[in-house]
Every structure is written in C-alpha cells, then in structure tokens.
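In order, the protein sequences belong to chains P and R. At the far end of the first sequence sits residue 248, using our numbering, and the numbering has no gaps. At the far end of the second sequence sits residue 257, using our numbering, and the numbering has no gaps.
Treat the hints with caution; some may be incorrect.
Unchecked claim - Pairs of lysine to any residue, SDA-like flavour, derived with a Cα cap of 25 Å: (1) R:215 - R:144; (2) R:215 - P:203; (3) P:177 - R:223; (4) R:215 - P:185; (5) R:215 - P:202; (6) R:215 - P:201; (7) P:177 - R:207; (8) P:177 - R:215; (9) R:215 - P:189; (10) R:215 - P:183; (11) P:177 - R:175; (12) R:215 - R:163; (13) R:215 - P:184; (14) P:177 - R:88; (15) R:215 - P:205; (16) P:177 - R:182; (17) R:215 - P:238; (18) R:215 - P:231; (19) P:177 - P:193; (20) P:177 - R:184; (21) P:177 - R:183; (22) P:177 - R:86; (23) R:215 - P:180; (24) R:215 - P:187; (25) P:177 - R:189; (26) R:215 - P:181; (27) R:215 - P:236; (28) P:177 - R:141; (29) P:177 - R:137; (30) P:177 - R:96; (31) R:215 - P:204; (32) R:215 - P:229; (33) P:177 - R:93; (34) P:177 - R:174.
Stated by the list, open to error - For each label pair, taking beta carbons as the anchor points, the in silico distance ranges come out as: (35) P:203 - R:162: 39 to 47 Å; (36) P:190 - R:203: 33 to 41 Å; (37) R:187 - P:216: 39 to 47 Å; (38) P:166 - R:215: 42 to 50 Å; (39) R:201 - P:171: 46 to 54 Å; (40) P:173 - R:186: 27 to 35 Å.
In case anyone wonders, no lab produced these hints; they're calculated from the structure. Ideal placement from N, C-alpha and C gives every residue a C-beta, glycine not left out.
So you can see what is in the structure, the chains are spelled out below.
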Amino acid sequence: MTTFTATVTVRLKRGVLDPEAETTQRSLERLGFELDDLRSADVFELDLGADSEAAAAERAEEMAERLLANPTIHDYTVEVEQAE
Amino acid sequence: MTIAVIQFGGSNCDRDSVQALESMGYDAELVWHEDGLPEDTTGIMLPGGFSYGDYLRAGAMAARSPIMGDVRDAAADGTPVLGVCNGAQIGCESSLTPGAFTTNESARFQCEHVYLRVENAETPWTSQYEAGEVIELPIAHGEGRYEIPDDRLDELETDGRILFKYCDESGEVTPEANPNGSKHAVAGVTGERDHVAVMMPHPERASLEDLGRTDGQPVLSGFAD
Numbered sequence: 165m166t167t168f169t170a171t172v173t174v175r176l177k178r179g180v181l182d183p184e185a186e187t188t189q190r191s192l193e194r195l196g197f198e199l200d201d202l203r204s205a206d207v208f209e210l211d212l213g214a215d216s217e218a219a220a221a222e223r224a225e226e227m228a229e230r231l232l233a234n235p236t237i238h239d240y241t242v243e244v245e246q247a248e
Numbered sequence: 033m034t035i036a037v038i039q040f041g042g043s044n045c046d047r048d049s050v051q052a053l054e055s056m057g058y059d060a061e062l063v064w065h066e067d068g069l070p071e072d073t074t075g076i077m078l079p080g081g082f083s084y085g086d087y088l089r090a091g092a093m094a095a096r097s098p099i100m101g102d103v104r105d106a107a108a109d110g111t112p113v114l115g116v117c118n119g120a121q122i123g124c125e126s127s128l129t130p131g132a133f134t135t136n137e138s139a140r141f142q143c144e145h146v147y148l149r150v151e152n153a154e155t156p157w158t159s160q161y162e163a164g165e166v167i168e169l170p171i172a173h174g175e176g177r178y179e180i181p182d183d184r185l186d187e188l189e190t191d192g193r194i195l196f197k198y199c200d201e202s203g204e205v206t207p208e209a210n211p212n213g214s215k216h217a218v219a220g221v222t223g224e225r226d227h228v229a230v231m232m233p234h235p236e237r238a239s240l241e242d243l244g245r246t247d248g249q250p251v252l253s254g255f256a257d
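Start from the sequences, fold in the hints, and give me the full structure.
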C-alpha cells in the first residue's frame, strides 16, 4: 500500500456559460489587465492509499463521477502522483 | 396518508410547504432526512433552502444523503415527488430529473416575481391549468439557470417534459423575461415519468389566500393524483 495524491480538476464543459468567470475577467480588465478569456475550475487534492497508481486513479475517477463533478455540465481530469 | 416534506440541514421552505399543503386540505408533515420516510408516505416534497450551505454545488450533498435512496425507490413505485428551488437542484443532482441548475447568468441571487407559461397541461402538476396559460410565481435563487446538452433538451421538448417556461405577462418567451439565463427559458421539468417533477419558482409561496396570489395551488394539487 502506497500513499498517493490524486488531483481532480473539475471544469465546466466548453460552451457552458460561466457567469462567475466572466465577472472575474471583467474585474481584471477593470484593474487594467489585458486578457482574451478566463476559465475557472475547482481543484480537489485527495490523499489515498492504494496498491498502484492506476488503482488510485480509478478510485479518484469514481469520486469525480459520483460527487465531485456533475457530468451534465462538467468535464474533469485526474492526475496521480506518489505522496511525498 | 401523508405528504413527507423532507428537511435537510439548511432547508428553509419546509414549514411554508407544510402550511401551504395543509391549507389545501392535505395531510403533510416535516420529515428529518435522517429519520427515513414514514410508512404511510403518499407524496414527497423536496423543499427550498440552502441544504448543506450549497457546498460543492447547490443540492449536491443532499442528493447523496441516504434518504434519497428511499425517495428514488418511492418514485419508482409511483409516489409523486415534487422538488422546488433547492429541492429542484437536489432532484437534478440525484438524477430524478434531467439536467442541472447552475449559477444565474447575472451571477447574482435573484428574488422577484416571474411569469410562467404552462407548456404541458397534462401532468399531475399542471392539469388544473390550460396549456399556454400564464401564471405568476416568486423565484428566490442564485443557481437556477437550467443547463443540459442541446440534444437532450430537444428530446425533453419533443416528449412534453417541460412544465413551465419563463415568459412575459402576455406569455411570450423572450430573453428579457428569462430571469436567470435558463436554456429554452425552462423553469420546471418532469422526470422520465411525470409524477416526478422539479421547478425553480415557488408554488408554495403563492398558495395561501391571505397572502394574495394562489397561482401555485394547482401545482401542489399534483399530490392528489
């Protein structure tokens, strides 16, 4: 059993309106910054013990499917690395 | 014979819902989510509020609480289920109904009266209205924008699963009359079978004679069927 850290990043699917991101972008522009677009995402870091990196990734993906993301509006990615 | 109004931590329209249902002659009771459904449950209402502080996404936590397994089983057995506001978000998060309710286009909490056009008047929740009738109900939400992939929304339209659309006073569906940017101005939808439904506007807040409008009473009458 090894301890891994799985990083789950949950984003709105392309094309789904993100009013909070738009508001944040407008605020940055009001501060004088120039940018073309801004997308926001939620990041979850999960520490978990597993026999392999693949097993840790599989469990994190199931967590994303069942709670962390809403598949109707979200895409997500999972990255796993061995915990320090 | 009782309509179970399920209380989660953070529900705040639970008592209003019981009062509205009782004023219409129904037997209704508050049911704490950890206590499970009463054996004589004949209807289930998921009330509005801010269950679990809207953590993660509005309705996400409540949708995964144990009582929702009982609610799904009861719905599968034909028990009427109505989700309103936070209850609608819980309904979609638990896949009782399709789609998702997410952040308003304005990115603000909106508390106002809206006009709704009855799209399908042949469901238990709308059978006392005429198709195309315009009613007025209050909304109070920050995450009420209906989102769903276009092809699935087209299917819902074709199958008559849209209950209400936001419209203007004359019944026209216009961008200006859409308070939250919902796709196709959808304010309420049914599940695969129409005895399960969710809607963001509050019928229970427009059901007491003393408070003026009673446009919401016919929706709650869906529990009679």
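To see whether the hints hold, each was checked on the structure:
Pair hint residue 215 of chain R plus residue 144 of chain R holds up; C-alpha atoms about 19 Å apart against a cutoff of 25 Å. Of the pairs offered as hints, the one joining residue 215 of chain R and residue 203 of chain P holds, with about 21 Å between alpha carbons and a cut-off of 25 Å not exceeded. Between the alpha carbons of residue 177 of chain P and residue 223 of chain R the distance comes to roughly 23 Å, so the proposed pair stays at or under 25 Å and holds. For a cut-off of 25 Å, the pair hint linking residue 215 of chain R to residue 185 of chain P stands: about 19 Å separates their Cα positions.
A hinted pair counts as satisfied when its Cα atoms are at most 25 Å apart, and residue 215 of chain R with residue 202 of chain P qualifies at roughly 22 Å. For the proposed pair residue 215 of chain R and residue 201 of chain P, the alpha carbon gap of about 23 Å is at most 25 Å, so the pair holds. Restraint check for residue 177 of chain P and residue 207 of chain R: satisfied, since their Cα atoms lie roughly 23 Å apart, inside the 25 Å limit. Taking the CA atoms of residue 177 of chain P and residue 215 of chain R, the gap is near 15 Å; set against the 25 Å cutoff, the hint holds.
Annotation: proposed proximity of residue 215 of chain R to residue 189 of chain P holds, straight-line Cα distance about 23 Å (limit 25 Å). A threshold of 25 Å between alpha carbons decides the hint, and for residue 215 of chain R with residue 183 of chain P the separation of about 14 Å falls inside it, so the pair holds. For the suggested pair residue 177 of chain P and residue 175 of chain R, the alpha carbons sit about 17 Å apart, so the restraint of at most 25 Å is met. The suggested pairing of residue 215 of chain R with residue 163 of chain R holds, with an alpha-carbon distance near 20 Å, which does not exceed 25 Å.
Distance check on the hinted pair: residue 215 of chain R and residue 184 of chain P sit about 18 Å apart at the alpha-carbon level, within 25 Å; holds. Restraint check for residue 177 of chain P and residue 88 of chain R: the C-alpha separation of about 17 Å stays at or below 25 Å, so the hint holds. Pair hint residue 215 of chain R plus residue 205 of chain P holds up; C-alpha atoms about 22 Å apart against a cutoff of 25 Å. For the proposed pair residue 177 of chain P and residue 182 of chain R, the alpha carbon gap of about 13 Å is at most 25 Å, so the pair holds.
The straight-line distance between the Cα atoms of residue 215 of chain R and residue 238 of chain P is roughly 16 Å, inside the 25 Å bound, and the hint therefore holds. About 24 Å separates the Cα atoms of residue 215 of chain R and residue 231 of chain P, which keeps this hinted pair within 25 Å; it holds. In summary, the hint linking residue 177 of chain P to residue 193 of chain P is supported, as the alpha carbons are separated by about 24 Å, within the 25 Å threshold. Using a Cα cut-off of 25 Å, the hinted pair residue 177 of chain P and residue 184 of chain R holds, with the two alpha carbons roughly 15 Å apart.
As the CA atoms of residue 177 of chain P and residue 183 of chain R are separated by approximately 15 Å, the hinted pair is consistent with the 25 Å bound. Between residue 177 of chain P and residue 86 of chain R the alpha-carbon distance is near 21 Å, which keeps this suggested pair within the 25 Å criterion. Our distance criterion of 25 Å between C-alpha atoms is met by residue 215 of chain R and residue 180 of chain P, whose separation comes to about 10 Å. Proposed proximity of residue 215 of chain R and residue 187 of chain P is supported: the alpha carbons are some 20 Å apart, at most 25 Å.
A C-alpha spacing of about 22 Å is found between residue 177 of chain P and residue 189 of chain R, which places the hinted pair at or below 25 Å, so the restraint holds. Distance check on the hinted pair: residue 215 of chain R and residue 181 of chain P sit about 10 Å apart at the alpha-carbon level, within 25 Å; holds. For the given pair, residue 215 of chain R sits about 13 Å from residue 236 of chain P by alpha-carbon distance, which is consistent with the 25 Å threshold. Restraint check for residue 177 of chain P and residue 141 of chain R: satisfied, since their Cα atoms lie roughly 23 Å apart, inside the 25 Å limit.
Between the alpha carbons of residue 177 of chain P and residue 137 of chain R the distance comes to roughly 16 Å, so the proposed pair stays at or under 25 Å and holds. Proposed proximity of residue 177 of chain P and residue 96 of chain R is supported: the alpha carbons are some 23 Å apart, at most 25 Å. Proximity of residue 215 of chain R to residue 204 of chain P is assessed by CA-CA distance (about 21 Å); at most 25 Å being required, the pair is judged to hold. With a CA separation close to 24 Å, the supplied pair residue 215 of chain R and residue 229 of chain P stays within the 25 Å bound.
Using a Cα cut-off of 25 Å, the hinted pair residue 177 of chain P and residue 93 of chain R holds, with the two alpha carbons roughly 21 Å apart. The hinted pair formed by residue 177 of chain P and residue 174 of chain R meets the criterion: a straight-line CA distance of about 20 Å does not exceed 25 Å. Take residue 203 of chain P and residue 162 of chain R: their Cβ atoms lie about 44 Å apart, and the range 39 to 47 Å holds. Separation of residue 190 of chain P from residue 203 of chain R is about 34 Å and conforms to the stated range, judged on CB atoms against 33 to 41 Å.
For residue 187 of chain R and residue 216 of chain P, the hinted distance range of 39 to 47 Å is satisfied, since their beta carbons lie about 41 Å from each other. In this structure the hint that residue 166 of chain P and residue 215 of chain R lie 42 to 50 Å apart at CB holds, the actual value being about 45 Å. Between residue 201 of chain R and residue 171 of chain P the beta carbon distance is about 50 Å. The supplied range of 46 to 54 Å therefore holds. Evaluation of the 27 to 35 Å hint for residue 173 of chain P and residue 186 of chain R yields a pass: the beta carbon distance comes to about 30 Å.
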